[in-house]
Amino acid sequence: MVNENQTEQPKNYVQPIVEMRGIVKRFPGVLANDHVDFELMPGEIHALLGENGAGKSTLMNILAGLYRPDSGTILIHGKPVTFTSPKDAIRSGIGMVHQHFMLVPSQTVTENILLGLDDPRFLLNLNEYHRKIENLGDQYGLKVDPRAKIWQLSVGEQQRVEILKSLYRGAEILIMDEPTAVLAPQEIDDLFKTLRSMLVSGKSVIFISHKLQEVTAIADRISVLRKGKATATSVPLGKTTRQELAQLMVGREVIFQVEKKQQQAGKLVLEVEDLHVDNDKGLPALRGVTLNVRAGEIVGLAGVAGNGQRELAQTIGGMRACTRGKILLNGDPIDNRNPRYSIQHGLGYVPEDRTHTGSSPNLSVTDNVIMKNYYKEPIAHGWVLDATSASHFAEELKTAYDIIVPNVETPVRLLSGGNLQRVILAREISGQPSFLIAVQPTRGLDVGAIEGIQRLLLAQREAGAAVLLISEELEELFSLSDRVYVIYEGRIMGEVHDSNLENVGLMMTGTPLDQIQQKGSPADD
Amino acid sequence: MTETGSTTIKPKKFPYRVKFEQRLTEVPRWFPAAVSVGAIVVALLLGAVVIAFAGGDPWRSYAHIARASFGSLGVFSDTLVKATPLILVGLACSVAFRMKLWNIGAEGQFFLGAFGASAVVLAPLLPAETPRWIFIPVMMLAGILAGALWGFIPGILKAKLNVNEIITTLMMNYIAVAWNNYFIFAIWTEGGFQMSPVFPKNAWLPRLADYAIQVPLFRGLTVHLGLIMALLAAVLVWFILYRSRWGYEIRLIGDNPRAAKYAGLNITRNMVLVMMLSGGLAGLAGMSEITGVVHRLQGAISPGYGFTGIIIAWLAKLNPYAVILVSVLFGGLILAGREIQPSGIPRMIQGIILVCLIASDFLIRYRVRIVRVNGEA
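Protein chains in written order, with my numbering: chain A, 186 to 710; chain B, 460 to 836.
FYI, nobody ran anything at the bench for these hints, they're computed from the structure. Predicted model only: the values in this text are computed from it and were never measured. The C-beta atom is built at its ideal place from N, Cα and C for all residues, glycine as well. Take every hint as true, because none was put in to throw you off.
Covered stretches of chain A, as calculated for chain B (at least 3 residues, CB under 8 Å):
no., region
1, 547–558
2, 566–579
List time: in silico DSS-like cross-link candidates among lysine-lysine, alpha-carbon distance up to 30 Å:
no., chain 1, residue 1, chain 2, residue 2
3, A, Lys466, A, Lys334
4, B, Lys619, A, Lys561
5, A, Lys334, A, Lys378
6, B, Lys720, A, Lys561
7, A, Lys561, B, Lys559
Derived CB-CB ranges, DEER-like:
no., chain 1, residue 1, chain 2, residue 2, range
8, B, Val622, A, Ala506, 21 to 27 Å
9, A, Glu594, B, Phe479, 26 to 32 Å
10, B, Gly497, A, Gly602, 32 to 38 Å
11, A, Val340, B, Val622, 23 to 29 Å
12, B, Gly763, A, Pro518, 51 to 57 Å
Okay, chain A solo, but in the shape it has when bound (with noise of 0.2 Å):
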């Protein structure tokens, strides 16, 4: 590393045009950057690799002046910079491109790309832009219609115009926050040659991902983060290899072993055959996966997240249609039918966003954890809702369950994350559900509530309830888990027993149990 006052440079020393120098960002409850260091050299692509979650975003929204760091220097060309916004960044010829893009749909492409420049500062001639525009799409092989409006164009062409607009900018680095996880395989491509291009004119590029494959056909130069420190920094891509990445990526922690009961596993009660299903944006998430839970076992699905576990879950939930397949829940079909369908089928589900969906924040406890059986006896007599005996339960509940909570009154949004997953479990748990599904039960909680989180879990699992765990944690799910199915775009990639975690790194960004296996041992490409 370059000393910072250092005046005169050896011969060969090519100047980084991006340093960052243990940079650290901390947010309530989550230490996002811990030291980190990152550089890029001009005309290069550099990856940031690593989970979600692991700081990637972060440490780039950084450098793109959307956040301040608590601690920690930037520096580009060689000089100190303090950006207290995306302009100031700018400047600097710094551009990102979200993975949510920024632009105005009802607008065309010319007027979003001008949009906050203080040229043309009156009079807008816009046929003169249309043409400067087509013109830098042309240079760049960025082919988009300059006069459309934004709704009309696909997602693809939609990111052509976000890079557009850094270019346009004067970019001299552009950050790309995921931006293949919109995109469909050709338009990928495109992307790929666009950025190649844009090195030829000088350019560099920060490549952010958590896609192995990706990385590797792109990238020049990769760092990894893992849980916010950099576990590997700039490392070229000739020296290492997909299974060091993955084991950088993924950790390679000891895994603790929780008590767990030796159980046989009963009868069958989830069986999900061949199912397909569209994400919200109407592009498969699901292509076909197939699994199944027994009663008395924990069964895992590991995979990074926006792999179509959340799909998954939802379908099972009664809450998105599946348009292939089908979900037998003790033998009935539940596909394709209504949330209370499923639930009094003998569905529990603990949904990945605990105030979105699992709590109504405003509520109050009470209120709650009657949300699945507000309409039955003893808490509904007919149309009348038993106040009294909503509190009973509510009561019971918090005194088995160990919520901590003034009184059960009280607004479930002033709950820390730990008591309300609690409230959601113990609500779940007491209708004794046949089988229970959990998504990333325990993220963003600390140590002792993980913990009884955990605890949870195993006691449904000896009372003979199937339970599907979908987590991120690999740690936790190895501990809690009978077995997992790893899970890449929407595709089983396979079925694994024991905690061989170079293999679940591999499969978790896009190879096949199978290809493994036939490889012997696991190979770089």
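Starting from the known structure of chain A, arrange chain B on it as the hints suggest.
Frame of chain A; chain B shown alone:
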């Protein structure tokens, strides 16, 4: 909020700045009430400035308003008469707003309610000599049903086709007024005037003044049975919201529709039902006004009650009992307003109060701190 400067030395900067921080802890129970009272005081002070500016004596004006609306039994009774329709439309809006259905069509539902009640007398559905104890319930039912129908249409459009209810309810207000006008001008007109004949006495809601012979104290008191209906409606709405299965569904959907869907609730059906309940309450307000005060169908039966209902629901924070209190205050302001000036200042004071109360909500969610500007690394 703008970020203040970095370490680079900038010439003299004011060393303090105001900072707004989101409150992370719950405020004590008395706090929202205290903030509301504070907001009203601030609003009255602002109003005083304006009155003084217009050449009036603010304190005498305020004293006059108080006397003209709450000063004696007689005027207080008039205040309650004004408050009666306000309570009902306030409840109508509260119920809909609870589920985040922005029904701004209470005005139209009010007119339809008045029409429905009038139709019983004028169509006529019942002969003029029908006894009062049959007349009144039938008119109530007709008013509620007509209002509910006017709520059902935007409700079903929203539920089935996701048509914006703000637009439909607003537009249907105009249809309702025009519908009533058609009947007033053409069908039920009395000798070419734009009003219907007066209803027979047994179709009038009983007033306290009617019992002045038995209780001399009631002489001249205009409070009618509609007030009792409004108060009962408030209790009923409270019971529905907090003590019934349906109310639980309304509250859950209103607070978090995604959680409601996840819990297996039928959201679209509830949308329609709540819009009908809301319309029905506003329709009842129209019925009560027409049979308790006006006693005939005519054009000017509402000085914008339906729209005032939106304000009332908001100020009462959608609480049915608070709706009663706020309605009485507004009833007083409307009544006293006429004493001072037909329009202008009293309306303006209403507006200032509203703005201050809504703005004061900010203090419940944020805390204001004055901090030193310090250089950040």
